[in-house]
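Number of protein chains: 2
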Amino acid sequence: MTRPKAFILLIGNELVRGSVADINGSLAARELRRIGFQIAGFEIVGDDDQAIERALRASGERAEVVIVGGGLGPTDDDRTRGAAARFFGRELVFNAEAWENIEDWFQNLKRKPVPDDRRQAEFPAGAEMIPNRHGTAPGFFFRQAQTRYYFLQGVPREFSAFLQEEIIPRLRKEFSLPSPQIFRTLKVFGISEGRVGAIIFGLARAFPQVTVGTRFYFPEIWIDLESEDGEALETVVSRARSDFASHLFGENDETLESLVGMLLAEKGWKLALAESCTGGLIAHRITEVPGSSNYFERGVVTYSNPSKTELLGVAPDLLKKFGAVSAEVAGAMAEGVKKNSKVEIGLSTTGIAGPTGGSPEKPVGLVYFGLATPEGVFTRKELLFGGRDRIKIFASAVALDWLRRYLQGIDD
Amino acid sequence: MTRPKAFILLIGNELVRGSVADINGSLAARELRRIGFQIAGFEIVGDDDQAIERALRASGERAEVVIVGGGLGPTDDDRTRGAAARFFGRELVFNAEAWENIEDWFQNLKRKPVPDDRRQAEFPAGAEMIPNRHGTAPGFFFRQAQTRYYFLQGVPREFSAFLQEEIIPRLRKEFSLPSPQIFRTLKVFGISEGRVGAIIFGLARAFPQVTVGTRFYFPEIWIDLESEDGEALETVVSRARSDFASHLFGENDETLESLVGMLLAEKGWKLALAESCTGGLIAHRITEVPGSSNYFERGVVTYSNPSKTELLGVAPDLLKKFGAVSAEVAGAMAEGVKKNSKVEIGLSTTGIAGPTGGSPEKPVGLVYFGLATPEGVFTRKELLFGGRDRIKIFASAVALDWLRRYLQGIDD
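Protein chains in written order, with numbering that gives the first Met the number 0: chain A, 0 to 411; chain B, 0 to 411.
Keep in mind the hints are simulated off the structure, nothing from the lab. Worth double-checking, as some hints may not be accurate.
Cβ-to-Cβ under 10 angstroms is the rule here; a few derived chain B residues that face chain A [to be verified]: (1) Ile190; (2) Gly193; (3) Leu310.
As the structure is a prediction and not an experimental result, all values here were calculated from the model. Cβ atoms here follow ideal geometry from the backbone N, Cα and C, with glycine treated the same way.
Based on the sequences and whatever the hints tell you, model everything.
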């Protein structure tokens, strides 16, 4: 069964000018594909009457469903309603029900609409108003020849809610869709994108009904698999699990930090962090997980030498002899934070995030890690690359992945 | 003088499927506009021969310059070279110089090309190869009728370098461009988007030669101004500075954390952090700034009550009487970290990030802040909204902005 085609048209000067990178389009593509559509393409145009009319025409020639986002607000530069009316050959007419909804919305916020807000209740004659429960501007639907046009507000929070609550259920009803696509994302860390590609494209070759894509979600690599054929998809996933072995750390919404949290909770263990070069990023990631207060006892960001001594008990002699960026200090930091906080796991980082502070012996990107466990203290050294922000992110991933492997009993 | 038109065409299944949101397009739009082009639009199509040919034709009808990103890699799903050759009515021919460059690139990485890599050295006959100094796949240039097509690799790091190092200088030479646009971004925090819009659109009304846009960079609002007329732009900026007063915290690349760092460095003061609900995010933001080790002494993330007592000297009685989420504890945390680390400024947060842990008296989103200074200890209370991640981000911005205001001597 062929999949019906959808086209995504995004309207806004801020998008065409490059002030903002669009995120509505990829969301719409994912949601529409999930229910069985194929995406013919996206187009982005500015708030310009002629450009919008031309784009409405071109997209209608290419798809049965056109999702139009943006340009429905109350200001002068919101051109979509007028351009659509001209393209459909209709007048703009005022819709009393839409205006009531808009007035209600303002009343709930204890504010008053201004005269320009009335524009948001005007639609091309014959269009069906679609109420917006998450903002002022309603959407609308218009069918022209074989194409159904759905017009949505462009504010991402509203676009997303509108799409999922209004448009997707309508499309499911109005189209006889093929069996839904099954999606799976596998997340890999610690091997190159080239090797990931060679492995996954290699093993998917025997399953042409499974579509494979890889993307670099720095510093992780994510593998997107999809198919109508659930059995084939499961076979590819299980072979991938075996081929990637311990490099495959999670699937779908799982993150390194959520996995670490789950593994700690399973053991009833607690974690304490002693960060230097990662500057609090590991603590931030750990505490992004709801419920992390159950297993995260404390973190310290010891940016100065005195703080390493006072908060972690790192001996001044050790700092003097080996330097703050050393395996010895990384180990002492992890051991110190574990001991002081009376937890099972202490994890530490110390390194040179740059751009300054490097030397020939200790270049920018050099990071030592410490892991204090009930079985003893381990240390590890990595030379990472990139700017300051990338070195911090990379180091946080190395640390979390190392802890994940330890908790899973993987022998490196 | 009219601005020449450019169109941006992005090619990739991962984009059309919505697996990845494009970021190359907005970068290209900004860079091209900076040198005097106007952007006719963007289009995104998949790795599909017919779709690419159709899009090359449609974009050529709409612009004098077409920037094409993606589909130049070595694998089966890289279709751009072949589709371009068919659209231009040329054969694909092997370019020995391009192949030498590719071989050199592999040699530098101490790796060997595979046979498929040779595809990256094939271009439509008559195209000009443009070397890629940041990856394997070279770009190319082809002129068809009045339109110049520039083909670039789609990996964002390579796309960006290629655009800036190769394409922009060529366009500057080949086009007689109008006076360059001057861009300015003003960053505002602490007032609603509606009020920001009313103020900035109001004061820009007298300057039609200045283009204004606003965008929500949660929880900040950014105002984009641009004009060819430097004097008019400066007038709008200086009126905005006066109207937004202390809500306008920075311009262009400045961030709350970079400003706080600059202000601390100016005074020769040091900062220590005591975070609970922000979980290390403030420390992470502070340490994103190069050179922050000069003024950031330490941070602690005290997620447990014992850690608040042991690391910050918060009395157990205080925790018992008022609870960890209270003005009293926020003040004691800021005072404790200031005293222990012997710095001029201690900053603290304690709150309920959710989704669980709220109560009618202390709901999710309730956050107390403490600021210990040479003049004494201050506290502050906010009720923030959103999910866990947004509450953390919002609270980190409130804390940094509060510190920024204190350091600038702004009386709230």
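Hints and how they fare:
Residue-level restraint check for Ile190(B) is violated (minimum Cβ-Cβ distance to chain A is 15 angstroms; threshold 10 angstroms). Because the smallest distance between the Cβ of Gly193(B) and any Cβ of chain A comes to about 9 angstroms, under 10 angstroms, the interface hint for this residue holds. The interface hint given for Leu310(B) is met, as the beta carbon of that residue sits about 7 angstroms from the closest beta carbon of chain A, less than 10 angstroms.
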